[in-house]
Structure formats: structure tokens, C-alpha cells
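**Q** Sequence:
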Amino acid sequence: MYYNPKYHHSELQLQEEQVIVEAAKIDPNKFGPLYDKYYTQIYSYLYQRMDCKETAFDLTAQVFLKALTNINRYEFKGVPFASWLYRIAYSELMQLFREKKNKRAINADIGDLRHICEEVEEPYREEYLPLLKQEIASLKDEELQLVEMRFFERRPFKEIGEIMNITENNAKVRMYRILEKLKKSLESKKM
-3 MYYNPKYHHS
7 ELQLQEEQVI
17 VEAAKIDPNK
27 FGPLYDKYYT
37 QIYSYLYQRM
47 DCKETAFDLT
57 AQVFLKALTN
67 INRYEFKGVP
77 FASWLYRIAY
87 SELMQLFREK
97 KNKRAINADI
107 GDLRHICEEV
117 EEPYREEYLP
127 LLKQEIASLK
137 DEELQLVEMR
147 FFERRPFKEI
157 GEIMNITENN
167 AKVRMYRILE
177 KLKKSLESKK
187 M
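Position one of the sequence shown corresponds to residue -3 (the working numbering), numbered consecutively onward.
It is possible that some hints are incorrect.
In silico lysine-lysine, DSSO-like type, Cα no more than 27 Å apart, as pairs [to be verified]:
id: 1; residue 1: 154; residue 2: 33
id: 2; residue 1: 180; residue 2: 168
id: 3; residue 1: 154; residue 2: 129
id: 4; residue 1: 96; residue 2: 136
id: 5; residue 1: 136; residue 2: 177
id: 6; residue 1: 136; residue 2: 154
id: 7; residue 1: 154; residue 2: 177
id: 8; residue 1: 136; residue 2: 180
id: 9; residue 1: 136; residue 2: 49
id: 10; residue 1: 154; residue 2: 73
Please keep in mind that the hints were generated in silico from the structure rather than gathered at the bench.
Kindly produce the complete structure, drawing on both the sequences and the hints.
**A** What follows is the structure in C-alpha cells.
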């Protein structure tokens, strides 16, 4: 069983959450503690990607409504319930971007970008930051999502896989390919 310290401090807390989820499957009124626990995290996740408070609020409400409506479909797979919520949020976000042709907001701090530089084996230099941000912004939505979860949110590959509905190994392979793509792109633009 896997627990992420971001959501649970022990396996016992993860198991207790499972009890709440199972109770919510029987009685929707028991969903409240899950909503209370994860609302702010889901809202932040959505807001960081769109920079529009109203849309983030609306989408967050939609995520929790879908979660409540479909809670009987949730199966415990050894990862936190939050991963399932993030998967719903991810799907809703991708659908919004497809429908509205909205541009993604990229909220990365220097530490995040420095970490990416290390991964693509580029020495960190202040003047590369605008170029790196530009290259990250040019990634496909799914690629950008992977980069954000791995480098900006520091999620483990197992959880990324669960959110994106792919295997842990597939998440690793995709990340490797994205990093290679960024590296080649940076090398070609620096010359």
C-alpha cells in the first residue's frame, strides 16, 4: 500500500480514508469529510493551470459533483483517494482547454526550473529561464501536465500514473521523452 505524506501521515490514515470512501458509497452525506479535506488542493491545482478564479471555482465544483455522482465506480488501488479526484480534475481541465481553446497558465518558480535544468543536464543559468519557460509552454497539454506534476508538485510517478490513467512505467518513459525533447530544443535555440 502506498501513501503520500502530502495527504496522509501513515498507512492508518490512508485506511481510515478508505472507510470514509466506502461509507460515502452507501450514504452520500458521508462525502463531506473528503470534500473538506481535498477542496483547497483541487481548487489550487485547477487555479494554477488557468489563472482564473471564477473558472477554477466552477471547475472545482464540477469535479466534486462528478466524484460524488460516480463514487461507486471508485476502486481502491493502493493510492490515495486524492489521486482519483485529481484524475477527474485533470479530465475536466483538458476538456475545458479543448472546448475553449484556452491557454494554459504556467506557474513555476526558479527552484522548479532549476530542477528541470538539472534533469536535462543543462547548467542552470539565469538567462536560460525565459527560454526554458517558453519551451515548457510549447509542450502539448498532456506533456505539460506531466512536467507540472513531476517538477512543480513533486508527485511520485506512481501517483502521476494513477492521475493520468497510465502505468507508473509509462509515466517514467513519457517524462524521459519530454526531457529529451526539452533538451534538444534548448540546445538548438542556444546556438
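**Q** Determine for every hint whether it applies to the structure shown.
**A** Against the structure, the hints:
Proposed proximity of residue 154 and residue 33 is supported: the alpha carbons are some 21 Å apart, at most 27 Å. For a cut-off of 27 Å, the pair hint linking residue 180 to residue 168 stands: about 18 Å separates their Cα positions. As the CA atoms of residue 154 and residue 129 are separated by approximately 26 Å, the hinted pair is consistent with the 27 Å bound. Distance restraint check for residue 96 and residue 136: the Cα-Cα separation of roughly 16 Å lies within the 27 Å cut-off, and the hinted pair is therefore satisfied.
In summary, the hint linking residue 136 to residue 177 is supported, as the alpha carbons are separated by about 12 Å, within the 27 Å threshold. Proximity of residue 136 to residue 154 is assessed by CA-CA distance (about 21 Å); at most 27 Å being required, the pair is judged to hold. At roughly 22 Å between alpha-carbon atoms, residue 154 and residue 177 fall within 27 Å of each other, so this suggested pair holds. Taken as a hint, the residue 136 and residue 180 pair is honoured in the structure, with Cα atoms around 16 Å apart against an allowance of 27 Å.
Using a Cα cut-off of 27 Å, the hinted pair residue 136 and residue 49 holds, with the two alpha carbons roughly 23 Å apart. Restraint check for residue 154 and residue 73: the C-alpha separation of about 11 Å stays at or below 27 Å, so the hint holds.
The structure agrees with every numbered hint stated previously.
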